[in-house]
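Asker: Keeping the supplied structure of chain A fixed, place chain B upon it in accordance with the hints.
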Amino acid sequence: MGEEQTHHPEDSEIEQYSLGVLAAEDIPGFEQHLLICHECQDRVAQMDAEIQGMQAAARELRAKQPHRGTGYCG
Amino acid sequence: MFLSCISYVRLVLLPWEYSPEIADPFDIYDGRRLGELWRGQSFRAGSTIQMIQQNDAVLRGSGARIDAEGQAAWPLIIARIQANDAKGMEDLYHVFSRGVRFFIWRQLGRQDLDDTVHDTFLTVAEAIRRGEVREPDRLMGFVWTVVRRHLAAEIERTVHQRNRRAELQGEICSRDRAADPEWRAIVRQRQSVARGLLNQVSGRDREVLIRFYLREQTQEQICRDMDLTPTQFRLLKSRAKARLELLGRRKLARRRIFW
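Going down the list, the sequences are from chains A and B.
With our numbering applied, the first sequence corresponds to residues 1 to 74, in that order.
With our numbering applied, the second sequence corresponds to residues 1 to 259, in that order.
With the rest of the complex left out, here is chain A (with noise of 0.2 Å):
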């Protein structure tokens, strides 16, 4: 089940989360420590809605200029 973590994560590691990139041993830890910290709870949520806005504003470019040669291609 893994250790339940003590502290609050850094940002980067919310983010990882939000991106689902957190390596798999820190999981269980992370989100037993979401189960009851409201403050972090918030803070993925928050983290959330920036990356998918992100995201959906790159696809929104990506689409307008597919031949621009920056470099991107995903």
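Don't read these hints as lab results, they were simulated from the structure.
We treat Cβ as the ideally placed atom computed from N, Cα and C, and that holds for glycine.
Careful, some of the hints might be misleading.
Said to hold, decoys possible - To be clear about the criterion: a stretch of chain A counts as covered by chain B if any three or more of its residues have a C-beta under 8 Å from a C-beta of chain B, and this derived list gives those stretches:
1) 24-35
2) 51-59
Unchecked claim - On the chain A side, residues computed to face chain B include the following (Cβ under 10 Å):
3) E10
4) E13
5) L19
6) G20
7) V21
8) H38
9) Q41
10) D42
11) V44
12) A45
13) Q46
14) R62
Answerer: Okay, now just chain B, sitting in the frame of chain A:
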């Protein structure tokens, strides 16, 4: 809904039939009898759900206290629930209902949210009564496992239903947070701010942001491909975040997210 009612009876009403030491066990739920709930129109309108919502306000203010003292309180909560003490059920709900609600909302959206939270709570309470929590100090680990299993089962069921519908009617039914109009509005706001940022930054900065957020490349990969040091990468990202924050403040008041 029907299954919720069945599980409610199986997990809550039946155990208390054999608990004569509790004068009125139904008083746990906001001073109203579960029997009334049972006869009511629906669980969504029931007092248990109201209790979740009322407790939510209390919980928002008491998060730090729970953080600091929570671990020490788990064995006590477990002992109370096993002794059929109503206070134990109440405390368990106080401590984790908001967090469980958050997890389920994040994965499945608002549809059937109250029912799913409620079912999860009953599963945990029943498991505690049966003595299945072997390490009382790590109750949250146990709760987390139950929530994960519930989510996995719900997602599997949704995928199955979606496939069936697609086969039968050619329709796809979405059941996740993306289907929530309120969430979509919040993301649209953020998208508008992010669009402003992406239009302001240099081509190279934009590429880094797109690689990181859209293509989900790792920092190492981006640094390698774009000949950046980790410090340059971090600086670029923190600069972009600061600008995003500034644009966001200009464009819209930070919107509170509820679940």
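Asker: Each of the hints needs a verdict: does it hold here or not?
Answerer: Hint check results:
1. 24-35: holds (count 5)
2. 51-59: Since three or more residues must qualify, the claim that chain B covers the segment 51-59 of chain A holds, with 9 doing so at under 8 Å.
3. E10: violated, 12 Å
4. E13: violated, 13 Å
5. L19: It holds, given that the least Cβ distance between L19 (chain A) and chain B is near 6 Å, below 10 Å.
6. G20: holds, 8 Å
7. V21: holds, 7 Å
8. H38: With a closest approach of 4 Å, the H38 (chain A) hint holds.
9. Q41: Holds, because the Cβ-Cβ distance from Q41 (chain A) to chain B comes to roughly 5 Å (cut-off 10 Å).
10. D42: holds, 7 Å
11. V44: holds, 8 Å
12. A45: Holds - the Cβ of A45 (chain A) comes within 10 Å of chain B, reaching about 4 Å at its closest.
13. Q46: Hint on Q46 (chain A): holds, closest Cβ of chain B at ~7 Å, below 10 Å.
14. R62: It holds, given that the least Cβ distance between R62 (chain A) and chain B is near 7 Å, below 10 Å.
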